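What follows is the residue order along each chain.
Number of protein chains: 2
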Amino acid sequence: MGVAIGDQILDLAAAAALLADLPGEIVQACAAPQLNPLMALGPRASAALRLALSRGLSAERGDQKLRRHLTPMANAELLLPVAIGDFTDFYASVFHATNVGRMLRPENPLVPNYKYVPVAYHSRASSVRVSGTAVKRPQGQRKPANETVPSYGPSRNLDFELELGFYIGVPSDLGTTIPVGKAAEHVFGFCLLNDWSARDVQGWEYQPLGPFLGKNFATTVSPWVVTQEALAPFRVPAFARPQGDPAPLPYLDDPVDRAQGGFDIAVDACLSSEKMRAAGAAPLCITKSSFQTTYWTVAQMVAHHASNGCNLMTGDLFGSGTVSGPEKGSQGCLLEITARGKEPVVLPGGEQRAFIEDGDEIIFRAYAEKPGYPRIGFGECRAVVLPAG
Amino acid sequence: MGVAIGDQILDLAAAAALLADLPGEIVQACAAPQLNPLMALGPRASAALRLALSRGLSAERGDQKLRRHLTPMANAELLLPVAIGDFTDFYASVFHATNVGRMLRPENPLVPNYKYVPVAYHSRASSVRVSGTAVKRPQGQRKPANETVPSYGPSRNLDFELELGFYIGVPSDLGTTIPVGKAAEHVFGFCLLNDWSARDVQGWEYQPLGPFLGKNFATTVSPWVVTQEALAPFRVPAFARPQGDPAPLPYLDDPVDRAQGGFDIAVDACLSSEKMRAAGAAPLCITKSSFQTTYWTVAQMVAHHASNGCNLMTGDLFGSGTVSGPEKGSQGCLLEITARGKEPVVLPGGEQRAFIEDGDEIIFRAYAEKPGYPRIGFGECRAVVLPAG
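Just so you know, the protein sequences line up as chains G and S, in that order. Take the first sequence: its position 359, counting from 1, is numbered 358 in numbering that gives the first Met the number 0, and each next residue is one higher. Take the second sequence: its position 16, counting from 1, is numbered 15 in numbering that gives the first Met the number 0, and each next residue is one higher.
One or more of the hints may lead you astray.
One copy or two, it doesn't matter: identical chains are merged, so the pair holds either way.
Dumping the calculated EDC-like pairs for lysine to aspartate or glutamate here, alpha-carbon to alpha-carbon at most 20 Å [stated by the list, open to error]:
1) Lys287 with Asp357
2) Lys287 with Glu360
3) Lys181 with Asp252
4) Lys142 with Asp252
5) Lys142 with Asp244
6) Lys142 with Asp172
7) Lys135 with Asp172
8) Lys287 with Glu342
9) Lys114 with Glu146
10) Lys135 with Glu273
11) Lys114 with Asp244
12) Lys274 with Glu360
The hints are simulated quantities; they were obtained by calculation from the structure and are not laboratory data. In this text, all values refer to a predicted model and were calculated from it rather than measured experimentally.
From just these sequences and the hints, can you work out the full model?
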């Protein structure tokens, strides 16, 4: 495991062993191949580690023994940082839910439960891969409206979904709930997440039990996990529910969460086609959104997940759902950006994109910044799409 | 790990070490705490092990060294036999899908995709427990038709779903498909599975992304896994599609699967209330069904799951979906048996059940039998329901 320090990576096992005041269980957790043992120790342990590393690396102390364990990021191959247990994907952006709902049910875009239930579905853990791993275009059953029977073949409507992910650190027991005011203690940190979606497969299969093969062929996550503590300066009030919306039910309502349950995190998605790369063109940024606009907070998602006694495990991955804002230019997937393909994106060089084509690379970035604080970057979540077959 | 021999359990690690002709990798796999390493070796390895054990235990040879490693089942505590990766639940009974669909959409019970797509959803692996583990009644959001807003509280419509489960042995790689004719080679064996369902929670939450908290509070599986090989004599033709139904798409169609892709396995569910147990009454069998009647075969479910390149992992658990037959008395859940609570089951002693009440124990059994072959029992899958809170 490593800690990102500028454009360097600090070898965490070697560094932790040199930090004299660090409790033994933390040193031991830092020697593991993935983050799970450290995540299980809870937010105090990560805070103690962060403080010890920051002191050890500070210029005044100038600990050369620690600095010897820095490697240039450019020389490193980054791997999946967590052994993922179960993977749950939420639907927390009311703008995404409304935009997508409008395409399916123009008269009634939002289903009646949306403002009461932090809607989610179980997704597939086995096919989560780290940024940089190519994604093969999936095949599946597709039945366009103008055909009477479905056929099996490569998806024609491959899409990305721009999401934040977060990992469960401290587990909960089967049969117990997590009060919304305590939910943040179970969250270790955040990553970028691309919930690749084959819209044609999804559209045909998803009734009545939800998305399945339209989603589970691949999910890409960033290699870096930004701890919740590092994001503390960027906490903001929870999304302000429009007048007339119901209040959250009591088990999802907490004054502290209302006051600071949101995170001011900017997220964006870029596309780079094969032609663009060959011409040396930079990726085209096709959306800029903010995690601040999600209808449900992280704490509400965690509390809801455990509200029936479902046990959460160290290493569980939660996706936020597509982070779409209210304006044009802030929509988190091509389905929304292109209005189901009707308004294609024009790329530098003149190519058009209704959906993702083979050879396209999708790149997500996120950051949090405000005056007086160091900027927090999330690294990248990127993958090239390969042809089916 | 142990092998069931009548009412005894053979210690598999000790026994395998005594079987001289067994390849080293099988002996080693038998020493693991769970079945995963053995499952990963594939059907030939399980067949070799089965043959060696059967020879070793046969009366003619009378190997006393082996017999020394038998323990009475009554003295054993049975644990979860597999480290479960992802858990996928199918919807393979057309009778169940039709019965449930009729309650929600009387004019059009089956959604248009049903006869083309082996519909499934991802479920929750962390809350799968072995038979005998009590299940706490879940709480959740419920909104009965006569209320205008939902409330949070104990489920009022707790149900069971009578299913067979099966475990993936040989894994598949991300980006590769599994031809339906090869799918059986990836299946290690079968168990009983209770997909506990909070119908009120499920009904309110399931649009548009499928069941979530209505299901993931608990799943119970039997401790024994019946290998596919042991069930070979009970293979039957796949369910005969009624005239007018479409043929399966080519990627789900295989002549051998058509001829013998089904399994003649009888499954039944019994209920025993606290009062019945206090009065010494036997559990009441409330349904008798057969796995023969499922619309989709095991091979079709496996091939479909991998048809988009989703990788299957050793230890993945698949549920068949509720096994309901066409007749009254063969319906696999209370929602169907009681017509949504309108026709309660009457228990010995006069109690009535629309749905499951606290203190009720649900017991599943399954077996395969035919003249000239030893009867194959699946053991039991049972659990008592405890009050919420």
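Evaluated hints:
1. Lys287 with Asp357: neither (23 Å within a copy, 51 Å between copies)
2. Lys287 with Glu360: within (17 Å within a copy, 53 Å between copies)
3. Lys181 with Asp252: within (12 Å within a copy, 51 Å between copies)
4. Lys142 with Asp252: between (42 Å within a copy, 19 Å between copies)
5. Lys142 with Asp244: between (37 Å within a copy, 17 Å between copies)
6. Lys142 with Asp172: neither (43 Å within a copy, 27 Å between copies)
7. Lys135 with Asp172: This pair counts as between: shortest inter-copy Cα distance 12 Å, intra-copy 37 Å.
8. Lys287 with Glu342: within (18 Å within a copy, 55 Å between copies)
9. Lys114 with Glu146: between (35 Å within a copy, 16 Å between copies)
10. Lys135 with Glu273: Classified as within; 15 Å inside a copy, 54 Å across copies.
11. Lys114 with Asp244: within (7 Å within a copy, 40 Å between copies)
12. Lys274 with Glu360: within (11 Å within a copy, 64 Å between copies)
Hint compliance for this structure: hints 1, 6 are not met, and every other hint is.
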